[in-house]
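Colleague: Here are the chains, one letter per residue:
2 protein chains.
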Amino acid sequence: MNDRFLRACRREPVDTTPIWIMRQAGRYLPQYRAVRGKTTFLGLCKTPELAAEVTVQPIDFLDVDAAILFSDILIPVEAMGVPLEFHENEGPVLPQPVKTAADVQKLDVFDPTDRTPFTLEAIRQTVQALHGRVPLIGFAGAPFTLAAYMVEGGGSKSWLGVKRMMRQEPQLAHQLFGKITETIAQYLLAQVEAGCKAVQIFDSWGGELGPEDFEIWTLPYVQRIVQAVKAKHPEVPVIYFGTGMSTLLTRMKKTGADVIGLDWRIEIDVARSILGDDVAVQGNLDPTALFLPKEEITRRVEEIIRRNGGKNGHIFNLGHGITPPTDPEMARHLVSEVHRLGRRS
Amino acid sequence: MNDRFLRACRREPVDTTPIWIMRQAGRYLPQYRAVRGKTTFLGLCKTPELAAEVTVQPIDFLDVDAAILFSDILIPVEAMGVPLEFHENEGPVLPQPVKTAADVQKLDVFDPTDRTPFTLEAIRQTVQALHGRVPLIGFAGAPFTLAAYMVEGGGSKSWLGVKRMMRQEPQLAHQLFGKITETIAQYLLAQVEAGCKAVQIFDSWGGELGPEDFEIWTLPYVQRIVQAVKAKHPEVPVIYFGTGMSTLLTRMKKTGADVIGLDWRIEIDVARSILGDDVAVQGNLDPTALFLPKEEITRRVEEIIRRNGGKNGHIFNLGHGITPPTDPEMARHLVSEVHRLGRRS
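Residue numbers (my numbering), protein chains in the order written: chain B, 1 to 345; chain A, 1 to 345.
Bound conformation, chain B alone:
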């Protein structure tokens, strides 16, 4: 197996910088759109053979060093009992948001083998299809991010719904966060047991919280998830990623994650000097840099690799998901340039 990615997660020496791309299995790829045309977005998440097919596509096409399961962070939210809809070209809609104590009470801390068997089957089929070429990454959303969607009933600019619950009904909010945490820990463990070799916790809206609120509402919950994974599978790297969280780096490290995922708002050497050398980093090219001419993309890749300074423990990635209008050829160029420029002599 190409184990560059796992070695970098553990800060071991590598032959060249490993790379994968957030949302690498997605709309920018014509081969993805062809499969997606057969069903809905949720249908694709829940049909193991199709989910496995699109998960493997970027391994063939891009030559990235890891696969990441095609799914959505809201799949376990639906499995907890909150109805979920996706409408074409729009964000998720949760028509029955979680607002009251009764709503929180009703939420189901489910058994993944029972309620999300399609996820585990997609993992098994992907692992088979990968033939040991690269490791498969599992993932889940972080408690604040999932709670934010559950309380708002969809996307939001200010996430005022969940924040008002945190401010005005803290006990209820802690109950909600606790239930999500327990669920996500089980969900990630089941993914590992089905064959994932690493897991990423996505805190998409984690940067909406200031330092003090991060310590109350995020750190203890993410810590619990990391500990639950590590207790049973100490060898499985945990990546913790969020956007707009550059002021929270030392606190993110306290979660116990092996790898901290960076967005594009901070230089990687600045982030590493804050984080110290005992944790790996992932990132951090601006996804919109892929709209630059090839030689400019190369220059920006060079800059990130130069700033990393040859240190172990760097997984290259974008600072956020690849955007649908990206030319797939530019993603290929990115991967080959990272492999070329990251080569250790």
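Some clues are possibly wrong.
No copy labels: a pair is met if it fits in one copy or bridges any two.
Listed next, the in silico DSSO-like pairs over lysine-lysine satisfying Cα-Cα at most 30 Å (straight line) [to be verified]: (1) LYS254 with LYS232; (2) LYS230 with LYS46; (3) LYS179 with LYS46; (4) LYS46 with LYS157; (5) LYS311 with LYS38; (6) LYS253 with LYS38; (7) LYS38 with LYS157; (8) LYS179 with LYS254; (9) LYS157 with LYS294; (10) LYS230 with LYS99; (11) LYS46 with LYS254; (12) LYS38 with LYS230; (13) LYS254 with LYS38.
It is worth saying that the hints were derived from the structure and are not from the lab.
On the provided structure of chain B, position chain A as indicated by the hints.
Modeller: Then chain A, alone, in the frame of chain B:
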């Protein structure tokens, strides 16, 4: 005149910490909603007597140390020739976005006395109504933020439209940014000449750019605006505020602004240690902290004042605009607690 605010902008000693609140004249106030009921949002911006009335309201009600003109950052965009609409409870819509070289060519670097006389008249009437009680702050949007709206035609999650123009037609984008810069410089100068004693540049989406892009697309343009104001009115403090920009602080300082506005994602002492003591700071309570019980608000105010460590050059504010569902009584509590806890012995 209560000159605490201006003294703090200049890092001079003050009797107590000055405070004003972003969007202090706004929907959370019933007295604002009463005036707003008489006309549309744009109508309110363009009717000097009404704009002056709502601008003064929070001075009476909250006892803040500065007034800020009631207006919108997109007013000069409309005056440049880009039609602008506001629909009830929604973001702005620009039905004829700026996409092509011809669109940029057509944009008008206007004379504010000619195209936005209502803004200047609102300033004159506000200054009269304030009877010298507190200084009036003028404002404008920063070039990237305004260009983002102009190219997208409204709000966006990823601002991919303007970023693609920056990546793929950099010359055209620089022309656009240049025209906006020239316009905004004239617009702010006219505001000062009409009676504003300080100006704030709002870079609402400034944090969407990474460090390298900030240096290409923001720093030189904001610098030019600051220099234009300073060249004619060296005594007028310039505040530069953006959200999600905590990784850009040293670069924000290079704009030459007198005051750097912080969002709530960074502790004020951390920000000050990065910025150094030769620039003032404004901020930085999380706007959603106003949903906490009063004693918790007090505790968070105490924490910010403690972290500022008694240094000159701190203007208290929220880290972003006050949100419409805020209880006005909590805003009053905030102001009185800042004045009480910020008192120099």
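Colleague: Now look at each hint and say whether the structure bears it out.
Modeller: Verification of the supplied hints:
For the identical chains of this complex, LYS254 and LYS232 are intra-copy neighbours only, at 19 Å inside a copy versus 50 Å across copies, given an alpha-carbon limit of 30 Å. Taking the shortest alpha-carbon separations for LYS230 and LYS46, only the intra-copy value of 27 Å comes in at or below 30 Å, while the best inter-copy value is 60 Å. Taking CA atoms no more than 30 Å apart as the test, LYS179 paired with LYS46 passes inside one copy only; the shortest distance there is 23 Å, against 50 Å between copies. Taking the shortest Cα distances, LYS46 and LYS157 sit within 30 Å of each other both inside one copy (29 Å) and across copies (27 Å).
In this homomeric assembly, LYS311 and LYS38 never come within 30 Å of each other (Cα to Cα): the closest approach is 44 Å inside a single copy and 63 Å across copies. Neither within a single protomer nor between protomers do LYS253 and LYS38 lie at most 30 Å apart by alpha-carbon distance, with minima of 41 Å and 53 Å respectively. For a Cα distance limit of 30 Å, the shortest separation of LYS38 from LYS157 across copies, 28 Å, qualifies, whereas the shortest one inside one copy, 32 Å, does not. With identical chains, the CA atoms of LYS179 and LYS254 are at most 30 Å apart within one copy only, with a shortest distance of 21 Å there and 47 Å across copies.
Proximity of LYS157 to LYS294 under the C-alpha cut-off of 30 Å is restricted to the inter-copy arrangement: shortest distance 25 Å between copies versus 34 Å within a copy. When the C-alpha separation of LYS230 and LYS99 is checked against a cutoff of 30 Å, the pair qualifies neither within a copy, at 33 Å, nor between copies, at 51 Å. Proximity of LYS46 to LYS254 under the C-alpha cut-off of 30 Å is found in neither arrangement, the shortest distances being 34 Å within a copy and 51 Å between copies. In this assembly of identical chains, LYS38 and LYS230 lie within 30 Å of each other by CA distance neither inside one copy nor across copies; the values are 38 Å within and 61 Å between.
For the identical chains of this complex, LYS254 and LYS38 are neighbours neither inside a copy (43 Å) nor across copies (53 Å), given an alpha-carbon limit of 30 Å.
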